[in-house]
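There are 2 protein chains.
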Amino acid sequence: MKNILLTTQYDGTDFCGWQCQHECRTVQETLQNAISEVTGEEITLYGCSRTDAGVHAAKHVSNFKTNSNIPPERFSYALNVLLPQDVKVLCSEETHMDFNARFKAKSKKYRYCIQYGPAPQALWNRFAYYSPKVPDIAKMQQAADAFVGEHDFRGFQASGGTVKSTVRRIISCQVVQMAPNVVAVEIEGTGFLYNMVRIIAGTLLFVGIGKIPAESMAEIIASGERKRAGKTLSPCGLMLMEVNY
Amino acid sequence: MKNILLTTQYDGTDFCGWQCQHECRTVQETLQNAISEVTGEEITLYGCSRTDAGVHAAKHVSNFKTNSNIPPERFSYALNVLLPQDVKVLCSEETHMDFNARFKAKSKKYRYCIQYGPAPQALWNRFAYYSPKVPDIAKMQQAADAFVGEHDFRGFQASGGTVKSTVRRIISCQVVQMAPNVVAVEIEGTGFLYNMVRIIAGTLLFVGIGKIPAESMAEIIASGERKRAGKTLSPCGLMLMEVNY
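The listed protein sequences correspond, in order, to chains L and V. Each residue of the first sequence is one higher than the one before, counting from 5 in this note's numbering. Each residue of the second sequence is one higher than the one before, counting from 5 in this note's numbering.
Read the hints as simulated data drawn from the structure, not as lab findings. Wrong hints could be hidden among the right ones.
[Said to hold, decoys possible] Below, simulated BS3-like cross-link-like pairs (lysine-lysine); rule was C-alpha separation at most 30 Å, straight line:
1) V/Lys113 / V/Lys215
2) L/Lys63 / V/Lys137
3) L/Lys137 / V/Lys63
[Said to hold, decoys possible] Just a sample of chain V residues kept apart from chain L, beta carbon distances all over 10 Å, derived:
4) Leu9
5) Cys20
6) Gln25
7) Glu41
8) Glu45
9) Val93
10) Ala123
11) Leu127
12) Asn129
13) Val138
14) Arg158
15) Thr166
16) Val186
Quick reminder that beta carbons are idealized off the backbone N, C-alpha and C, glycines included.
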């Protein structure tokens with residue numbers, strides 16, 4: 005038996021997220037069905053992250069165990085023939101037997117894109133949240149710096165979270181001009197609470213458009229109060245960029 | 005009566021092209037319906053280019069005449085509320101009465117994107133043609149230089165073209181690395197024959213992957229033989245970038 009690691013990319017717009025759900029098109033099920041067709045086996049695919057409906061991934065990592073004698077690096081070719089246009093395997097390789105994509109990640113990097121200006125750009129509609137107001141990017145970066153380090157992020161999670169600890173470590177948080185009238189929040193951390201990146205992006209946007217002062221960001225984080233942060237931005241702007249093991 | 009100029013952007017994937025067709029979703033009809041709803045008038049929209057099904061536009065220009073007293077610059081807001089996500093008006097303004105977007109263009113600029121490598125990237129599936137082979141970009145640029153200037157491009161049009169003259173002037177033709185494993189052909193000219201950009205892109209790709217020598221490009225153009233050029237690449241990679249009047 006072999007343990008196969010897949011690096012996949014998907015446009016999440018037309019998926020109900022990564023994880024299998026009843027009567028709903030998901031990335032996990034789409035990949036599992038293709039793998040089963042190629043191997044003739046019933047397999048379970050373990051993913052690094054259960055992205056929500058509409059969220060994208062540039063390099064999502066998952067793994068499955070198989071008795072197939074297909075050479076590991078050939079799985080990508082065989083699967084891509086069967087897969088739809090909006091999810092593709094960038095790379096397939098053998099990994100050690102105790103590797104599990106879900107539990108072994110050391111850090112994850114996300115990007116959240118916001119387009120702005122008097123009109124939304126149709127070419128960004130699948131990949132960015134739209135703000136009619138033009139944000140001040142330098143102020144967004146000033147506030148973004150306050151997220152770096154180890155903090156209790158209980159004010160930056162969706163209500164109903166069930167995790168034991170809400171302390172997470174953010175390695176970096178950069179605000180980058182991606183394209184004309186498109187700004188991105190790029191954030192890397194050892195782990196994230198539910199909706200945390202989308203709430204951070206919404207908070208930084210509020211800073212950018214003058215609803216929250218950049219200087220008060222450290223205090224808002226320390227307060228732990230969800231209502232002092234910005235709103236949860238829509239899933240379409242979010243992309244999982246990479247996972248480090 | 006006023007003449008209103010619209011600058012629009014669209015993702016052409018889910019449209020049957022720009023021009024109205026019976027029982028088919030087109031950009032022109034989608035825009036005309038929204039304009040009629042806003043003005044209460046039956047209007048005709050004149051477009052700078054009748055892009056094919058699947059072709060995109062970053063800045064498409066069109067115009068219509070109206071007796072509406074909506075301020076010209078407010079049309080973009082009013083229309084964007086009604087328009088679907090994949091077509092939006094970037095800007096609306098008043099122009100002189102004899103302006104016609106279809107007939108007044110001095111030059112047009114297109115971009116054709118090609119992604120390459122062992123696996124297609126799902127995030128580029130709507131916007132790039134996929135080549136498994138990796139092209140030599142320097143060779144592509146060398147061949148691209150041969151297109152610049154005034155030439156008879158009869159070997160670079162789809163069969164069945166009915167134009168009188170097949171002479172066109174190319175102002176510039178650049179091969180640009182757009183993103184990792186994505187190359188773009190950016191071409192500006194005073195006019196283009198039917199499918200001309202898609203055939204030029206296919207010819208430059210053939211040069212890049214070694215099927216056509218870069219040195220023979222001037223001779224291939226001069227020969228006027230369609231069969232010596234490369235294949236017509238798929239519409240999804242093509243984008244109208246701008247139109248100059």
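**Item:** Hints the structure fails to honour
**Value:** 9, 10, 11, 12
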